[in-house]
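Asks: Sequence:
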Amino acid sequence: MPPTAAANNLSLVRRVRRMTRALREGYPDAHCELDFVTPIDLTVAVILSAQCTDKRVNEVTPALFARYKTAADYAGANRVELEEMIRPTGFYRNKATSIMGLGAALVDKHGGEVPGTLDELVRLPGIGRKTANVVLGEAFNVPGITVDTHFGRLVRRWGWTEETDPVKVEHAIGELVPRKDWTMLSHWTIFHGRRVCHARKPACGACFLAPDCPSFGDGPTDPAVAEKLVKGDEAPHLLALAEQVRAKMPKKAKKVEKTVGAAK
1 MPPTAAANNL
11 SLVRRVRRMT
21 RALREGYPDA
31 HCELDFVTPI
41 DLTVAVILSA
51 QCTDKRVNEV
61 TPALFARYKT
71 AADYAGANRV
81 ELEEMIRPTG
91 FYRNKATSIM
101 GLGAALVDKH
111 GGEVPGTLDE
121 LVRLPGIGRK
131 TANVVLGEAF
141 NVPGITVDTH
151 FGRLVRRWGW
161 TEETDPVKVE
171 HAIGELVPRK
181 DWTMLSHWTI
191 FHGRRVCHAR
201 KPACGACFLA
211 PDCPSFGDGP
221 TDPAVAEKLV
231 KGDEAPHLLA
241 LAEQVRAKMP
251 KKAKKVEKTV
261 GAAK
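Under the UniProt record's numbering, the first residue of the sequence shown is numbered 1, with each subsequent residue one higher.
What the hints contain is simulated information worked out from the structure, not anything from laboratory work. These figures come from a predicted structure and were not determined experimentally. Among the hints, a few may not be true.
[What the hints assert, rightly or not] The calculated DSS-like cross-link candidates involving lysine-lysine, where the alpha carbons are at most 25 Å apart (straight line), are:
| hint | residue 1 | residue 2 |
| --- | --- | --- |
| 1 | K69 | K55 |
| 2 | K180 | K168 |
| 3 | K228 | K201 |
| 4 | K201 | K231 |
| 5 | K228 | K248 |
| 6 | K231 | K55 |
| 7 | K55 | K228 |
| 8 | K109 | K69 |
| 9 | K231 | K248 |
| 10 | K201 | K55 |
When you get a sec, could you build the whole thing from the sequences and use the hints?
Replies: Encoded structure:
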């Protein structure tokens, strides 16, 4: 690697580590927002979450999990009944096919149990790398990077990678962050994307990552405007962190911030 490239990579690694520490402080209670008890509950919930909010999935799954408790239950499900139960999550016919196929594959090949390796998981119906990494991290405590819409969008906005293919994003970020932090990094980033760093209008002026974010200014930089965009129960904590960060910023940097905000 040329000296300049090596220096740039070291600078990126240091910035990623600072941002990771800040995310850890910002979201100490970050977690998978899908409700589940067993590995098969989780796997089914993740399948249902495609093109659907976690909140809506959590409204559907209590009755679903009470009706179908095992892989064999899903394999032998009445399609009409299953489709009707999961209809609110959208694409219910395709999802029913995946879930019933998943149940049958688990019964036929894995003794009715969800396997705990990436290679085995991605061979199952309805399971891609994103779903597999969620299952591994949450059900088996195996570190994995879950590249969903929020994660991919944010790591590109932060300048951590320019890759757009989810698998390439996963590998690129995996080289920057210690393996032990992969699962939690996914949660921290997804939480931040849902609460602060929105796709169309990020709350830049109320973001505790502002000093290290190359995309600062994509959203409103005036704290009074930006703080209204911050969502979730964590908002008071997140706004307090952002205020602490602003207080530590040099006056010159604050002037630049104000100028960027005016230009926007």
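Asks: Each hint needs a verdict: does it hold in this structure or not?
Replies: A quick look at each hint next to the structure:
1. K69 with K55: Holds. K69 to K55 sits at ~21 Å (cutoff 25 Å).
2. K180 with K168: 19 Å, holds
3. K228 with K201: 11 Å, holds
4. K201 with K231: 12 Å, holds
5. K228 with K248: 22 Å, holds
6. K231 with K55: 15 Å, holds
7. K55 with K228: 22 Å, holds
8. K109 with K69: Roughly 18 Å separates the two Cα atoms, so the pair holds.
9. K231 with K248: Holds, because 24 Å separates the two Cα atoms, which is no more than 25 Å.
10. K201 with K55: Given that 25 Å is the threshold and the Cα spacing comes to 22 Å, the pair holds.
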